[in-house]
Amino acid sequence: MTWALILSLGAAAYFLKLLGAVIIGHRSMPAALQRCLLLIPAALLAALITKDTFTSGQEIVLDARIVGLAVAAVLSWRKAPFAVTVFAGVGATALFRLFA
Amino acid sequence: MVIGVAFVVFGMSFGVLAVGAGASVVQACVMSLFIFTGASQMSVVSVIAAGGSPASAFGGAVLLAGRNAVYGLAMSPILDGSVGSRLLGAQWVIDETTALVTAEDGSERKKTAFWVSAPILYAAWNLGTLGGALIGNSIDPSTFGLDAAFPVMFTAMVVPHLRTRNGRRAAAFGAVTSVALAPFLPVGLPILVCALGMLFGLSPETEPSPAATDGAP
Numbered sequence: 004m005t006w007a008l009i010l011s012l013g014a015a016a017y018f019l020k021l022l023g024a025v026i027i028g029h030r031s032m033p034a035a036l037q038r039c040l041l042l043i044p045a046a047l048l049a050a051l052i053t054k055d056t057f058t059s060g061q062e063i064v065l066d067a068r069i070v071g072l073a074v075a076a077v078l079s080w081r082k083a084p085f086a087v088t089v090f091a092g093v094g095a096t097a098l099f100r101l102f103a
Numbered sequence: 063m064v065i066g067v068a069f070v071v072f073g074m075s076f077g078v079l080a081v082g083a084g085a086s087v088v089q090a091c092v093m094s095l096f097i098f099t100g101a102s103q104m105s106v107v108s109v110i111a112a113g114g115s116p117a118s119a120f121g122g123a124v125l126l127a128g129r130n131a132v133y134g135l136a137m138s139p140i141l142d143g144s145v146g147s148r149l150l151g152a153q154w155v156i157d158e159t160t161a162l163v164t165a166e167d168g169s170e171r172k173k174t175a176f177w178v179s180a181p182i183l184y185a186a187w188n189l190g191t192l193g194g195a196l197i198g199n200s201i202d203p204s205t206f207g208l209d210a211a212f213p214v215m216f217t218a219m220v221v222p223h224l225r226t227r228n229g230r231r232a233a234a235f236g237a238v239t240s241v242a243l244a245p246f247l248p249v250g251l252p253i254l255v256c257a258l259g260m261l262f263g264l265s266p267e268t269e270p271s272p273a274a275t276d277g278a279p
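Going line by line, the protein sequences match chains A and X.
Be aware that the first sequence starts at 4, since it is given in the numbering used here, and climbs by one per residue.
Be aware that the second sequence starts at 63, since it is given in the numbering used here, and climbs by one per residue.
Treat the hints as calculated values from the structure; they're not laboratory data.
Honestly, I wouldn't trust all of these hints.
[As the list claims (entries may be wrong)] Coverage of chain X stretches by chain A, computed from C-beta distances (three or more under 8 Å per stretch; other residues unrestricted):
#, segment
1, 141 to 149
2, 179 to 190
3, 249 to 257
Everything numeric in this text was worked out from a predicted model, so none of it was measured.
Note that beta-carbon positions come from the ideal geometry of N, C-alpha and C, so glycine has one too.
Whenever a hint applies, use it, and build me the whole structure from the sequences.
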């Protein structure tokens, strides 16, 4: 983790917040652009989920992480609190590793 | 209050994982103080932990932060005070504060909701990060299943974004593309390609999409 990455991201993230809240402010942004920006988390979070579950570096790896993902998916779908989902998912992975 | 507690837990998870990915305790805390948008922070740590380049980690995180500009549009009417208060308030424009503000009726109630909740959430997130980073320094991640914490947390975070049809399409595209490209591109780049899933937003949504909230900034 480099300081250059941390500080440049801090500046970029603040600029984006400022852009909407202060710079553009009351004026408008095209509706289609707004819809696209709001869709980025769906695409990227889903991409991060499969990357962190099914890959290790550039290789496809299937291991105990799948158990954690399955538990988290069910709990999130059932609207469990965030802390419950995280602890259950991480715990299930650790237990599976211990006994499998 | 409940959200404040969730923020502490999420901040702790971030702190543990950031230190696990090679950040110092100070770096983890500076990230939460200055970046203060959870999905971006988690995505940086995830890409760096997997061996991706700083440039690709930066790209993915900035794309994720783009939504805060849209939230800012909705928040600008209540950020009408002095220049100083607007510059401070802007830093606190995130999923959760936007959701809390849009849920209130009337300008005064919206302002109160923002200026009460935002400092609490900011403090909770940063205290959680500090605690998590200190814990992370003293444990071995894989024994505790912490490598699974990334997909688990991202799963909890993505759910609110799946309420709309376009959200589900974009997520399906991202999930498949990410793994399909993994063997062929350096770590971190597939994530950037997955951002093309945002183009599903070019077609109008059948239902409105309010600020998605998951208990994280």
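For this session: Please name the hints from earlier in the document that this structure breaks, with their numbers sorted from lowest to highest.
Result: 2
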